[in-house]
Amino acid sequence: MWRNFKDSFIKDNPVFSMFLGLCSVLAISTTFNNAVGMGLCVTIVLIFSNVIISLLRKLISNEIRIPVYIVVIASLVTIVEMLVHAYAPSLYRSLGVFLSLVVVNCIILGRAEAFASKNDVFSSAADGFGMGMAYTFALVLISVVREFLANGSVIFYDPFDPEKVIFGFAFESLKPYTMPLAASSVGAFLVFACFAAFFAMLKNRAADKEKEADKQ
Amino acid sequence: MKLLSLALAAILVNNVVLTKYLGLCPFFGVSRNFRSAIGMGLAVTFVIFGASLITYFLYYLILLPNGMEYLRLITFILVIASFVQLTEMFIKKYSASLYKTLGIYLPLITTNCVVLYVAQENITMKYTLLETCVNSLAVPAGYMLVLVLFACMRERLEGADTPRAWKGVPIALITAALMAMAFSGLAGII
Amino acid sequence: MKAVIYVVILVGVYALAYILNHRTKKPAGCENLREECSSCHIVSCPANAVYEGGKDRD
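Residue numbers (our numbering), protein chains in the order written: chain C, 1 to 216; chain W, 1001 to 1190; chain V, 2001 to 2058.
It is possible that part of the hints are untrue.
As the list claims (entries may be wrong) - Here are the computed lysine-lysine pairs in the DSS-like style, where the Cα-Cα straight-line distance is at most 25 angstroms: (1) W:1100 to V:2025; (2) W:1167 to V:2025; (3) V:2026 to W:1100; (4) V:2002 to W:1092; (5) W:1167 to V:2002; (6) V:2002 to W:1093; (7) C:209 to W:1100; (8) W:1126 to C:211.
Stated by the list, open to error - Pair by pair, the computed Cβ-Cβ distance ranges are: (9) W:1155 to V:2022: 58 to 66 angstroms; (10) V:2026 to C:216: 45 to 53 angstroms; (11) C:119 to V:2025: 43 to 51 angstroms; (12) W:1182 to C:96: 24 to 32 angstroms; (13) C:83 to V:2003: 13 to 21 angstroms.
Calculated directly from the structure, the hints in this document are not laboratory data.
Positions of the beta carbon are idealized from the N, C-alpha and C atoms, including for glycine.
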């Protein structure tokens, strides 16, 4: 199970290898703060939706399973959205419409259909947590690169109190060399393309190694 | 005049794919050839127009007067999903040729980010009915424009000699980045 | 109370539309239409080449 966890981070990362949930990844990864906030929201929704759908899996007939999934996920996202709006309003403002778009995030619906409808509650919860963490990992990776390139610094604010800085590092000497391009859409596509190619290379290498081992 | 600038802004300046990163899954999947791109574009336009009108009326006639704004997301997603199902059923019954071109894309549109985005924007930007109609037609028109352009480029890309790690999505993303750069030059016209 | 009734009506409409759509047969000649999309690996996406239509559910 640990191997599965490790695999879903690097080899089968849902964002870099399977290209799920791309819309939110490219839009949210402008700053580290947004990335962590969004990643946590998606993880929470993923865990709860996996658990609920796994609990209901014997009761849902095959014909109406998609409507049921959609209703469950929509309710969860509404609840999470209201909680974020109440307790972390600055995060709510920066995430904007993308918090609502978590409803149609391919990862959540995909995992519900592929995993939670066929496995018991505990493994579904673990799978939700793993996939959510892999998504957050990808998001954080991209956002660190983009924020660093665009601002010359990476700063993490406390989501509940936007003035307090939890940690951050800044290189003042790099300020004249920053590339605001990285924060715009062009930069998003470029940075993501490089990451996607890097992870594809890792995946190809692992597949080649397996082929070599099979041949011998 | 304001409507025209609204439409132009939605199509060119704030293009939903290139500046707002929405609707990317079909963008990389369906735009492999020209005909599927056109089919997908038309299907998306129809669904967005119909679904945003219905959600607009539902929001202002039922949700707001009864103080149920928190049900907005659930309403939107259920309306979009029902609309897609009903559309697919009607196309199946009444037009086989239309089903051949558009039918396969319809189930995908339910989870397309663009549809939900347009529905939400019409409410958050407090558009009037006419502005809603224009917005709901202009945004998918911009989407179709980019989809078709991308399809044409991708047909050429298939034959090119890309390195192994870059094949498929990474090189498509680089192409998208170049397109975004080109479109960002239009940002000054509004 | 109103909200619950409202949501139930919406869900009912959606379930009805879904079931009606499922029961409507595809027009002749369209049985095996497949869009061979393989850009992402969402196994449950109907456009993916490896989609099995929920066959292996118990």
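Hint by hint, here is what the structure shows:
With a C-alpha separation of about 13 angstroms, the suggested pairing of residue 1100 of chain W with residue 2025 of chain V holds against the 25 angstroms cut-off. Pair hint residue 1167 of chain W plus residue 2025 of chain V does not hold up; C-alpha atoms about 38 angstroms apart against a cutoff of 25 angstroms. The hinted pair formed by residue 2026 of chain V and residue 1100 of chain W meets the criterion: a straight-line CA distance of about 10 angstroms does not exceed 25 angstroms. At roughly 35 angstroms between alpha-carbon atoms, residue 2002 of chain V and residue 1092 of chain W are farther apart than 25 angstroms, so this suggested pair is violated.
Taking the CA atoms of residue 1167 of chain W and residue 2002 of chain V, the gap is near 53 angstroms; set against the 25 angstroms cutoff, the hint is violated. Annotation: proposed proximity of residue 2002 of chain V to residue 1093 of chain W is violated, straight-line Cα distance about 35 angstroms (limit 25 angstroms). Pair hint residue 209 of chain C plus residue 1100 of chain W does not hold up; C-alpha atoms about 43 angstroms apart against a cutoff of 25 angstroms. Proposed proximity of residue 1126 of chain W and residue 211 of chain C is contradicted: the alpha carbons are some 58 angstroms apart, above 25 angstroms.
Residue 1155 of chain W and residue 2022 of chain V have their C-beta atoms about 35 angstroms apart, which leaves the hinted 58 to 66 angstroms range violated. In this structure the hint that residue 2026 of chain V and residue 216 of chain C lie 45 to 53 angstroms apart at CB holds, the actual value being about 48 angstroms. For residue 119 of chain C paired with residue 2025 of chain V, a C-beta distance near 33 angstroms fails the hint of 43 to 51 angstroms. Here the CB-CB span from residue 1182 of chain W to residue 96 of chain C is close to 25 angstroms, well matched to the stated 24 to 32 angstroms.
Range check, residue 83 of chain C to residue 2003 of chain V: about 18 angstroms between beta-carbon atoms, so the 13 to 21 angstroms window is met.
Going through the hint list in order, the structure does not satisfy hints 2, 4, 5, 6, 7, 8, 9 and 11.
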